Structure formats: C-alpha cells, structure tokens
Amino acid sequence: MNWKDLLKGSIEYNYMVADKLMAEVDDSALGWKPAGGTNWMTTGQLLLHITSACGASIKGFVTGDWGCPEGMDPNNMPADAML
Numbered sequence: 001m002n003w004k005d006l007l008k009g010s011i012e013y014n015y016m017v018a019d020k021l022m023a024e025v026d027d028s029a030l031g032w033k034p035a036g037g038t039n040w041m042t043t044g045q046l047l048l049h050i051t052s053a054c055g056a057s058i059k060g061f062v063t064g065d066w067g068c069p070e071g072m073d074p075n076n077m078p079a080d081a082m083l
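Quick note on our numbering: the sequence shown kicks off at 1 and runs consecutively.
The hints are simulated quantities; they were obtained by calculation from the structure and are not laboratory data. Keep in mind it's a predicted model, so treat the numbers as computed, not measured.
For lysine-lysine, the following DSS-like pairs were computed, each having C-alpha atoms within a straight-line distance of at most 25 Å:
| no. | residue 1 | residue 2 |
| --- | --- | --- |
| 1 | LYS8 | LYS59 |
| 2 | LYS20 | LYS8 |
| 3 | LYS59 | LYS4 |
| 4 | LYS33 | LYS20 |
| 5 | LYS59 | LYS20 |
Derived DEER-like restraints, expressed as beta-carbon distance ranges:
| no. | residue 1 | residue 2 | range |
| --- | --- | --- | --- |
| 6 | THR38 | LEU7 | 32 to 42 Å |
| 7 | ASP27 | ASP80 | 37 to 47 Å |
| 8 | GLY37 | TRP3 | 33 to 43 Å |
| 9 | THR42 | MET1 | 34 to 44 Å |
| 10 | ASP80 | GLY37 | 19 to 29 Å |
| 11 | ASP27 | ASP73 | 36 to 46 Å |
| 12 | SER52 | TRP3 | 20 to 30 Å |
| 13 | ALA56 | ALA23 | 15 to 25 Å |
| 14 | THR51 | LEU7 | 15 to 25 Å |
Just so it is clear, CB atoms sit at the ideal spot from N, CA and C, and this is done for glycine as well.
Kindly generate the complete structure, drawing on both the sequences and the hints.
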C-alpha cells in the first residue's frame, strides 16, 4: 500500500465515522454546552467547526497552501500570532 492509498482510506473512514456520530445529534441538542467552565462552544457551533475547519488542514497538507494572508510567512511569525 502506498501513502496516498493509506491516507485516502483513513480520511474516508474518519469522515464516515464523523458523519454517523453527527447524525446521532438531535436538533434539540444543538444549543447545549457544558454548564461549568468558560468559553465553550454549543453543540451546533462545534458541529459547524468540525465541518468547516478540518478541511483547511487537509488542503494545506495536500497542496502546501495553508491559507496564510498575502505577505505573511508562518516561519517568521511569533507563536502568539499563530493562535
């Protein structure tokens, strides 16, 4: 098996698992978030984050385009600017 096949199989499997997990969330639970602590996402916000944020890292890994603003070089950025 080559790297491409291994990565493709892993991605397909993980997307299938995530899809089945997200299908278990009832619409009435989308507004839920933990009562304790601070700065929690609601279930709906977390699902949106999972579906929109995860693809950017895969795109960066595959194409080398990490979506940095023009003129910004991550190699020259302080750690706090990358957060």
